[in-house]
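**Student:** Just so you know, the protein sequences line up as chains V and G, in that order. If you count the first sequence from 1, position 108 lands on 326 in the working numbering, and the numbers rise without skipping. If you count the second sequence from 1, position 605 lands on 1739 in the working numbering, and the numbers rise without skipping.
Be aware that one or more of the hints could be misleading.
With a Cα cut of at most 16 angstroms, we get these calculated EDC-like pairs of lysine to aspartate or glutamate [stated by the list, open to error]: (1) G/K1773 <-> V/E235; (2) G/K1458 <-> G/D1252; (3) V/K221 <-> V/E235; (4) G/K1773 <-> V/E341; (5) G/K1528 <-> G/D1205; (6) G/K1723 <-> G/E1643.
Just so you know, the hints here were simulated from the structure itself, not pulled from any lab data. Bear in mind that the values here come from a model prediction, so they are computed numbers and not experimental data.
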Amino acid sequence: MTKTLELEVNGRREKVEVAPETPLLTVLRNDLGLKAPKFGCGLGQCGACTVHMDGVAIRSCATPVSSAAGSRLTTLEGLAPGGTLHAVQQAFIDEQAAQCGFCINGWIMSAAALLQANPKASEEAIRVGLAGLKCRCGTHMAILRAVRLAQSRLASGSKA
Amino acid sequence: MSAPMDDLVVTQRGVTRRDFLRSGGALVVSFALPGCVSPGAREKPLPVAGAAWPAKLDASSLDTWLAIAADGSVTANVGKIDAGMGIGTAFAQVVAEELDVPVERVTVVMGDTAMTPDQRGTGSSNGIIQGGAALRRAGAAGRAALLELASKRLDVPVAGLEAHDGVVSAKKDASKRVSYGELVGGKRFDVKVAEKAKAKDPRTYRVVGKPVPRFDIPHKVRGEYRYVADLVVPGMLHGRVVRPPQAGATLTNLNLSQRLPGLVRIVQRGNFVGVVCEREEQAVAAARALEIEWSSPPPMYWTDYEALYRHLRTGLAVTTEHDKQDARGDVDAALASAARTVEARYEYPFQSHASMGPACAVADVRDGGAVVWAGCQKPYPLRGAIADLLELPKEKVRVVWMPGPGSYGMNDADDCAADAALLAQAVGRPVRLQYMRADATAWDPKGPPIAFRLRAGLDGSNGVTAWDCEARGFSGRIRPSGTDVAGDSLAGQLIGLKAKSTQLPQYPEESYGFAAKRKVSHLLPWTHSLGTQLRTAHLRDPDGMATCFASESFADEVAYAAGMDPVEFRLRYLTHAGEAAVVKAAAEKAGWQRHTAPRAPQGRIARGQGIAYAPRHGSLVAIVADVEVDRSSGQFRVKRFTVAHDCGFVVNPLNLRGTIEANLMQAMSRAKHEAVRFDTGRVLSVDWITYPIVDIREAPDAVDIVIVNNVPGAKSMGAGEPTTRPVAAAIANALHDALGVRVRRVPFTPESVLAAIRA
C-alpha cells in the first residue's frame, strides 16, 4: 500500500507517494533524483548511502522512508549551499581522495558529521569514527589526509 | 537537485555537448564532460535500440580518434575505460601534449562501441601502454595535419610555423595566425593516422609528466559524477535476478502466474530467472517473494579450505606446463646433490572482487536492436556476447561503458549487462538491473586458489644451487578475461550455452639467477564450476599476488637458511639491474635493518620488517612492510609501507601516488582478511560481514614512495596492478621477522597468526 509522505530534503519540502517501508535511499534516488547517495549493500554495512537526518549521519538504505518524515534531511547535493563546497569536499579534492568514488558520498557525509560533532577529534577518534565505512579501492590514506586537512581548515576558519 | 550535465559543462569549461552537435558533426560524441567521462545521464537524445552502428570503426582514420570543434575544443576517443584510477586525466594530458592545446580543453570519450575505436577495453594495466600510445600517435598525426592546413591557409611553409594553445602562428610573423577551430572546427580531417606520425621528444613535455589533478574528482565529491547505476532512461523498468540456491541446482518449478505489486514480467530461460517491475523496491520484493523451486544436486565444493587444498595437492592435473622462459640446469640432480635443502608449502584462497557497489546495467532491446549501458571493462567483446545472447547482428548492438564501482578484472559487471539484456528483451522496454549485495559478493567470478610447493638446494658454502617452484591450481580463467561469447556470461551458463574458457599457467615472475631453476604449473579441471558461485576469473593482478606470495616468502626462507640478510640475498641473486634497483631503493628509503635471521623480539608487542619485490609485465615494484604484532591476540598492523616503483616515465605523478596507495590498501586487505567462505554446495560470503575487508583503522601511519626510472624516454608502463603483487609476501616476511614463525597461508587472520605462534 502506498502512502503520501512529506519529506524535507536539502531545505525543500517534497511529497512522495510510496510504500512506507521503502528504503529512504530508493526514494531519494528514484523519486527525488538525488543520486549522490549510492546503493552499496542495502544492509547498512558499507555507508555508501549515508545522508544526514537532523544533522546525524545515517544509513539511508536501512532506513524506511516513513521514519524520515518530519526530519530534516541533507544529501551530499545539499551539503554546501548554492554551488559552494563544504570544507570536507574541498579537502577531498585537494588530497585527490577518490579512486572509483562510489563510496565517496559516505566518507564525505560521515566526516562532515563527525567533525561537526567533534571538531577536535583525535587521529584515533577519526579512524574509529569512520571505521564502519568501506572503500574497496583502498583510498584510505588519502581520505585520512583529507579529513585532517578539513579539520585544520575548519579550526582555523579558512576553507582553503 | 543536481545541475543538469550540460549546465555543469558550461560552468566548468565553456563547452557543451550541443556545441559539438551544432558544429556539424565531424564526430558526434556520446556525452561530454571535458576531460572526464560521466556519460549519459543528461544526454539527449540517448542512443536508441534499433539503430545500426558500424561493425568496427576504422582505427586507421584520424577522425576515429580525434575531433576538433569550432570553438577549438578537442574530443579524443579511446577504446579503454577508467576503472576508477583516473586514467581519463592521463589520456587528456597525452592528447593535450601532442596537440599543443590546454589540457582542460580535451574531452576524453571511452568505451562506447559505436563511438570509440576497438581496443578491446582495459585490462592487465594496459590503459597507458596501449591507450596512451594510440592517443599519442593520433595527437601527433592531428598536429601534423593541422600544421599542413595552416601552412596552406597562411601561405607559410610548415617549418616556419609553430603551434601553441590551439593556435598556429608563423614563427617570424605572429600576426599570421589561425586557430585549430578555424582550421578544422566541425569538419573531418580525412587523413590516416600514419604510424610514423612524429610524436614529441619527451624531454620537451609540458603537460605529460606533470601532476595534473584528476578531472573526475570534483564531480565525485559534489555527487554529480554519473555512474551507470545513476542512469535514467525514459520509460525504464527495474529488474532483479533470482539465482539457484546451490551449485548445480536446476529449476524444477516456477509459478509464472504469481501476482505481485508492480510486477511486469517473470523472465525465465533455462536456470536464468529474473523479475521486472515498475519500481525498484517492487523488483526487490518480487524477487524475494517468487514461488520457485530448485533441485538438490550432490555437493560440488569442499567442506573447507583444508579439503580444497588437499584436492589441489592430490588431484589429477589436466595440463602440466613448464616455464620455458626461466628454466635452466638439472633441478632434480642439483637438489639430490645439495648439501642442504629447504622446502615449504604455501596456499592462497578464493577471493572476491566484492566491488563497492553491486553491478548495475541498463538495457534497451527492441526494434531488432539493443543498447546496453554497463560498468564493464571490456565493452567490445561484450558487444559480441550480447549480440550472440540476443541473437542479433553485431551491427545492431551498442555497448556503452559508463563508470561503475571500481573493478579489478572480471567482476560482476558483464554478467549484469547480459542479464539486463535478457530482461529488456523479454519486456520490450528499457530495464535497469542492479544486483543485490549477495548477487555481487557471492556470485561474482572469483580469483582462483593455488597451492604451492617450493624447494631449494644449498651447497656447502650456502650458495643456492637449485630452485624449484610447483603451483597447483584450477584452470584459472574458467571465466575468460573478456566476455566474448554468450556462454562466457553467467546468464549464458545458466541457460546452458558453451563458454570459451581459457587457461594460463601460474608461474612467479622473478629474475633470480640460481644455477638450476624450474617452474611448473599443474592445472586441475574445474569446468563444472561454470554457472556457479566459484567460477574463477581475473582478479587484480591475476595469480600474481599468489605466485609472488609463495616465491618471495620462500626467498626469505632460503635467505635465512643461507644465513643471509633478505635484501642482500636478493641483491646477490637478481640478474636484472632494474629489479635490483627497486629492491635497493625500497630498502634504503625504509631504513632497512640488516638481519640474517628473524629477530623475533621478546615481549607481547613484536615489530618486524619484511621485503618483497616483483616485476610485472615490465613494471617493477619492491615493498618493505614494517609491522607490529600483538603476540597475545595474533592481531597485527602494518605501520608503514615503503614502495619503490618503476613504471618508466610517469604521465601523472600525482595520480600514480593515489594508485600505488590504493593498491597497497586493497592488497593488504586481501592478504589480511580475504578468503571466500563456502560449504559443500554454496558460497557463504554474501556481504561485508561474511566477506570482511580492510577498514580505515588499519591504514598505515605512513606510506613512503620512491619513483624509480621516471625519466623522459623511459617507456611508460602500467601501474594499475604491479604494486598489488608483492604486498602479501612483504607482510608475511615482516611477520616472520617479528615472530620468528612463518604464516604460509593467506589470509593472515589473527587465528592463523596465533596458530603459527603456538605451533
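**Student:** It remains to establish, for every hint, whether it holds in the given structure.
**Tutor:** Status of the hints after comparison with the structure:
Between G/K1773 and V/E235 the alpha-carbon distance is near 51 angstroms, which puts this suggested pair outside the 16 angstroms criterion. For the hint pairing G/K1458 with G/D1252, the CA-to-CA distance comes to about 32 angstroms; that exceeds 16 angstroms, so the pair is violated. At most 16 angstroms may separate the alpha-carbon atoms for a hinted pair to count; V/K221 and V/E235 meet this at roughly 5 angstroms. Of the supplied pair hints, the one linking G/K1773 and V/E341 holds, its CA atoms being roughly 14 angstroms apart against a limit of 16 angstroms.
Of the pairs offered as hints, the one joining G/K1528 and G/D1205 is violated, with about 35 angstroms between alpha carbons and a cut-off of 16 angstroms exceeded. Taken as a hint, the G/K1723 and G/E1643 pair is broken in the structure, with Cα atoms around 24 angstroms apart against an allowance of 16 angstroms.
Taken one by one, the earlier hints fail for this structure at numbers 1, 2, 5, 6, listed in ascending order.
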